[in-house]
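Chains as they are written, first to last, in the numbering used here: chain A, 1 to 342; chain B, 1 to 342.
Simulated from the structure, these hints should not be mistaken for lab results. Keep in mind it's a predicted model, so treat the numbers as computed, not measured. Fair warning: there could be bad hints in the mix.
Listed below are several chain B residues computed to face chain A (Cβ distance under 10 Å; list not exhaustive) [said to hold, decoys possible]: (1) GLU55; (2) SER91; (3) LEU101; (4) ARG103; (5) TYR106; (6) GLU117; (7) THR144; (8) THR188; (9) LYS316; (10) ILE328.
Label-pair ranges, simulated between beta-carbon atoms [what the hints assert, rightly or not]: (11) B:GLN252 / A:GLY300: 49 to 55 Å; (12) B:GLN251 / A:ASP269: 54 to 60 Å; (13) B:PRO152 / A:TYR195: 30 to 36 Å.
Capping the alpha-carbon separation at 20 Å, the derived lysine to aspartate or glutamate pairs in EDC-like fashion look like this [said to hold, decoys possible]: (14) A:LYS47 / A:GLU32; (15) A:LYS8 / B:GLU99; (16) B:LYS316 / A:GLU146; (17) A:LYS50 / B:GLU321.
We treat Cβ as the ideally placed atom computed from N, Cα and C, and that holds for glycine.
2 protein chains.
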Amino acid sequence: MEKQFLGKQSISFKEPVYIQGFASVVGKKEGEGPLGGYFDRVEEDDKFGKKTWEEAESAMQKETAGRAIEKAGLKPENVRMIFAGDLLAQSIASSFGIEELDRPLYGLFGACSTMGEALSLASMMVAGGYGEQVLAVTSSHFATAEKEFRFPMGYGNQRPLSASWTVTGSGACVVGTKKQKIKITGVTTGKITDYGLKDSQNMGACMAPAACSTIFQHLLDFGRKPQDYDKIITGDLGYVGQQILLDMMEQQGYELGEVHGDCGIWIYDRETQDTHSGGSGCGCSASVLTAYILPKIASGEWKRILFVPTGALMSKVSFYEGSSVPGIAQAVVLEYEDEEKK
Amino acid sequence: MEKQFLGKQSISFKEPVYIQGFASVVGKKEGEGPLGGYFDRVEEDDKFGKKTWEEAESAMQKETAGRAIEKAGLKPENVRMIFAGDLLAQSIASSFGIEELDRPLYGLFGACSTMGEALSLASMMVAGGYGEQVLAVTSSHFATAEKEFRFPMGYGNQRPLSASWTVTGSGACVVGTKKQKIKITGVTTGKITDYGLKDSQNMGACMAPAACSTIFQHLLDFGRKPQDYDKIITGDLGYVGQQILLDMMEQQGYELGEVHGDCGIWIYDRETQDTHSGGSGCGCSASVLTAYILPKIASGEWKRILFVPTGALMSKVSFYEGSSVPGIAQAVVLEYEDEEKK
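Whenever a hint applies, use it, and build me the whole structure from the sequences.
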């Protein structure tokens, strides 16, 4: 088979694949943020009608997947396979979320980079001829994440200004072969990048080197400069991580400046929502992608985007044992399909 | 691109891919079992010279990956990407294990089915033209798994006879395009299968329906019968799960009988090692695959094997909240490359 890969870490598809349907579902706080009007559904009840937070996250993920499939004009049985993931131990939000869809599944873990990972693998599967429609879905929930990673919420522990706020949200995309307005033309696979930082309340700083590594390698592999993109959008570096990324890229000779955007910065209002450095979680980049980014590409307002979710690869155990917080970032090239040019 | 898929859940590669190198590293107890002589390395120190159990598991996984790469005659930089996973929350054994290899990574979670998932995706990547060599690696460690899922070991809680023993072990395979004695010719992707069982001390029973579902669909998709395989080998159903699988397959009209094998049954001696239903963990199927199964294929003793690791998709939280334990099973077809026939 002819080689599809490019440079050291990237793949450029000979034939692009397309986003056939996408959907987002978020919680109340996200609905009150600057992007509130863009989500497919804002659920006022953070328990989503369920008894536990974990069941709530599963219900949200299942609904999001279902909406994306429906918006693609498909039924679950038309989906060849699913790539899914979340932040919880043993990925239980996903396992219980998409179980009822009854589709072949590969479970993923990439922390908050998981939507980049899921979208990358879904694209490679479709471009590789392994299925006509493949679903990528991820989620996070503020309450399940607090329970998983931090103190019981009743303790009311103080959050430093560098901390981020886990988004209650989910995003799903159906990737397929049928030509649509949004195409995926390539991916860059991330490496684990570890600068030895240990502060889990400053994940932006922990993840910024990974974002820099993936974006830098992406530009090298594709022979592009930042200005070849309308936006290079990271997942959840937040205000603290963004500044570090801009500085690091500048040291590499690249001026990101206005080209850079960050889902974690966009999703909350800094002045009024008390979310400090910004939003985070697998559901942050996934819900902003599907609510805000993809429609701007579909309308032609943005012609080419680099979507780069970032993940902090840590657990409570690794934190308590004094380990560092390594990062990873997975990049996907999303482009407007200008049919008139063809 | 021409369709590579087959039936409802399977892919049959037009051109097979090959296992270019493989390695196994296990702990002391596994070294004392019936397969003790087959592993590449048996480490007497279950801490692998590290301070914590988690660091020990990471060290083991890293060593296994390194050995597989070396046995393939390669260097880490020749590996295009890695698929890795383990049982721990947020997959920290893998993140810290393979970080130093400095290769592009996709992290996976499929509980004890993860080696099947990693090998499936690695094969699809190579067959899809996305890389010449791709690494699949997983691990588990008795002590990290006890800490993650069960009571502190000092409590000395009783294990029921249906419980399995988490294998301290890791297995790694380099999948590539270069012709070798062992080829991968197809995969069947598993679905989440949930019969509502809730006993995490009887994971064999929880996973057997998933094994049945994947094997049944595999045989349908490929138009084969169990006797077309020298062995159909599940990951860690153990004695309890094996009997359920044989019964369920019989209800579907298939007699597995002598064709069935189970890594969890093979790895420990039932009479002398007090492991009850058998071994389990991502490292169980991975280490038995790389120590025992692959050499038998390479020698031509076995011509065609269906390798079907099974996973129980649960966490402490889902267990305490009274959720069921759904299962999943991922199948890979491994065959002897008889060069003389070509």
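Structure-based check of all given hints:
1. GLU55: GLU55 (chain B) check passes; min Cβ-Cβ to chain A is 8 Å, inside 10 Å.
2. SER91: SER91 (chain B) check passes; min Cβ-Cβ to chain A is 5 Å, inside 10 Å.
3. LEU101: holds (9 Å)
4. ARG103: holds (6 Å)
5. TYR106: holds (6 Å)
6. GLU117: Hint holds; GLU117 (chain B) Cβ to chain A Cβ min 6 Å, cut 10 Å.
7. THR144: holds (8 Å)
8. THR188: Status holds, d = 8 Å.
9. LYS316: holds (7 Å)
10. ILE328: Cβ of ILE328 (chain B) sits 7 Å from chain A, so the hint holds.
11. B:GLN252 / A:GLY300: 49 to 55 Å: The hint (49 to 55 Å, Cβ to Cβ) holds, given that GLN252 (chain B) and GLY300 (chain A) are roughly 52 Å apart.
12. B:GLN251 / A:ASP269: 54 to 60 Å: For GLN251 (chain B) and ASP269 (chain A) the Cβ distance comes to about 58 Å; the hint holds.
13. B:PRO152 / A:TYR195: 30 to 36 Å: Holds - the Cβ-Cβ distance for PRO152 (chain B) and TYR195 (chain A), about 34 Å, lies within 30 to 36 Å.
14. A:LYS47 / A:GLU32: Given pair LYS47 (chain A), GLU32 (chain A) holds - Cα atoms ~17 Å apart, limit 20 Å.
15. A:LYS8 / B:GLU99: holds (17 Å)
16. B:LYS316 / A:GLU146: holds (16 Å)
17. A:LYS50 / B:GLU321: holds (12 Å)
Checked against the numbered hints given earlier, this structure breaks none of them.
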